[in-house]
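The whole structure should be built from the sequences, with the hints applied where relevant.
Letter by letter, the chains look like this.
There are 2 protein chains.
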Amino acid sequence: MASTEPSTAVDRAILDAARACVAEFGVRRTTLTEVARRAGVSRPTVYRRWTDTGSLVADLLVRELREIITAAIPEGGAARARLIGAIVGGGSMMRRNPLFAKIFRTDADVMLTYVFERLGRNQRALIALFAESIREGQRDGSIRDGEPEQLAAMLLLLAQSAVQSAGTVTDFLDSDQLDRELARAIDGYLAPVDQRKVL
Amino acid sequence: MASTEPSTAVDRAILDAARACVAEFGVRRTTLTEVARRAGVSRPTVYRRWTDTGSLVADLLVRELREIITAAIPEGGAARARLIGAIVGGGSMMRRNPLFAKIFRTDADVMLTYVFERLGRNQRALIALFAESIREGQRDGSIRDGEPEQLAAMLLLLAQSAVQSAGTVTDFLDSDQLDRELARAIDGYLAPVDQRKVL
Numbered sequence: 250m251a252s253t254e255p256s257t258a259v260d261r262a263i264l265d266a267a268r269a270c271v272a273e274f275g276v277r278r279t280t281l282t283e284v285a286r287r288a289g290v291s292r293p294t295v296y297r298r299w300t301d302t303g304s305l306v307a308d309l310l311v312r313e314l315r316e317i318i319t320a321a322i323p324e325g326g327a328a329r330a331r332l333i334g335a336i337v338g339g340g341s342m343m344r345r346n347p348l349f350a351k352i353f354r355t356d357a358d359v360m361l362t363y364v365f366e367r368l369g370r371n372q373r374a375l376i377a378l379f380a381e382s383i384r385e386g387q388r389d390g391s392i393r394d395g396e397p398e399q400l401a402a403m404l405l406l407l408a409q410s411a412v413q414s415a416g417t418v419t420d421f422l423d424s425d426q427l428d429r430e431l432a433r434a435i436d437g438y439l440a441p442v443d444q445r446k447v448l
Numbered sequence: 250m251a252s253t254e255p256s257t258a259v260d261r262a263i264l265d266a267a268r269a270c271v272a273e274f275g276v277r278r279t280t281l282t283e284v285a286r287r288a289g290v291s292r293p294t295v296y297r298r299w300t301d302t303g304s305l306v307a308d309l310l311v312r313e314l315r316e317i318i319t320a321a322i323p324e325g326g327a328a329r330a331r332l333i334g335a336i337v338g339g340g341s342m343m344r345r346n347p348l349f350a351k352i353f354r355t356d357a358d359v360m361l362t363y364v365f366e367r368l369g370r371n372q373r374a375l376i377a378l379f380a381e382s383i384r385e386g387q388r389d390g391s392i393r394d395g396e397p398e399q400l401a402a403m404l405l406l407l408a409q410s411a412v413q414s415a416g417t418v419t420d421f422l423d424s425d426q427l428d429r430e431l432a433r434a435i436d437g438y439l440a441p442v443d444q445r446k447v448l
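So the protein lines, in turn, are chains A and B. So for the first sequence, the numbering used here puts the first residue at 250; every next one is plus one. So for the second sequence, the numbering used here puts the first residue at 250; every next one is plus one.
Hints may contain errors.
[Claimed, not checked] Partial chain B-side listing against chain A, Cβ under 7 angstroms, derived:
#1 T355
#2 D358
#3 M403
Hints in this document: simulated from the structure, not taken from any laboratory. Yeah, the Cβ is synthetic: ideal placement off N, Cα and C, and Gly gets one too.
Here is the structure:
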């Protein structure tokens with residue numbers, strides 16, 4: 250599916266069915282046949298839009314993350330505070346999201362590529378989104394100088410680790426404590442020297 | 250091998266042979282037979298000390314990281330600057346280390362557990378080491394207040410991401426730029442409010 254093409258009711262039904270399958274079975278055990286069955290459409294209808302499970306799941310995760318980010322971005326305030334709110338709030342939603350939770354638990358090997366090798370579509374989209382907020386913050390004076398894409402890439406590494414590895418540090422940081430420390434880390438990284446404060 | 254037992258010349262020869270094997274073949278294709286051959290000892294000599302490749306490689310990685318950290322910790326200066334130097338320097342050495350580089354490239358799935366599920370021995374050792382430095386920094390006034398283990402766990406997430414995922418963001422951050430941004434992130438996270446500066 251070209252990402253510029255408006256999604257139809259059928260596309261949405263297929264993505265919704267894929268979401269239910271992945272949340273229940275994980276990525277590897279999701280088949281286009283089962284997705285078609287749950288969406289109430291024929292298999293060719295699915296195959297015409299997505300030729301394999303990989304491309305369908307990729308589009309599903311792009312949609313899922315876009316919804317999370319849209320819900321997480323706070324309204325109003327300076328750009329830095331909004332960006333911190335979006336990353337911490339979005340990260341917290343991702344940790345509790347049934348789709349990402351299932352993938353981290355059951356299909357962590359699917360994520361390997363994007364942890365060790367190269368960026369995926371969602372990660373590139375996040376860097377672009379962070380860089381845009383950083384530019385805005387540099388204009389409104391709430392974010393320090395620096396190449397926006399470089400700061401954005403570092404923020405991605407920070408945020409990604411706090412989401413994917415949250416479960417490894419629960420002996421030290423519960424969910425609220427992790428949110429608080431992540432907010433402090435981002436704030437300390439982005440704040441201009443004269444505006445740093447203890448959150 | 251009990252970690253309190255002093256390592257003998259034979260232990261060291263076996264660990265050195267294991268290091269050469271893992272750097273050449275990766276973790277999964279390293280066998281105790283080949284390790285014994287390269288160490289010039291009999292297989293029973295290896296088996297008496299390590300019953301399987303997993304426990305041997307685990308001890309090897311503990312030794313490797315300890316050597317890196319020892320080499321990376323700067324002498325003198327306030328605790329915060331030394332901790333930043335140790336993490337950034339140690340992270341940079343890990344990225345260039347033939348053993349860790351091979352594991353990240355060939356056996357990333359071996360690392361999965363420690364990214365998504367639970368901490369390994371090395372990660373717990375790093376948190377303890379960071380927490381000790383943080384306590385020192387809280388005494389000498391170079392590190393802000395906060396529960397040392399919580400700050401240390403957040404630092405681990407930050408540092409680990411910058412090491413394991415460095416290769417994913419090379420379009421945005423080359424090695425020197427990544428070191429610089431990681432130093433800024435750690436400094437911003439740890440500095441007391443009145444001591445924050447742009448590095």
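Each hint tested on the structure:
1. T355: Violated: closest Cβ of chain A sits about 10 angstroms from B:T355, beyond 7 angstroms.
2. D358: This interface hint holds because 6 angstroms falls under the 7 angstroms limit.
3. M403: 4 angstroms, holds
Taken one by one, the earlier hints fail for this structure only at number 1.
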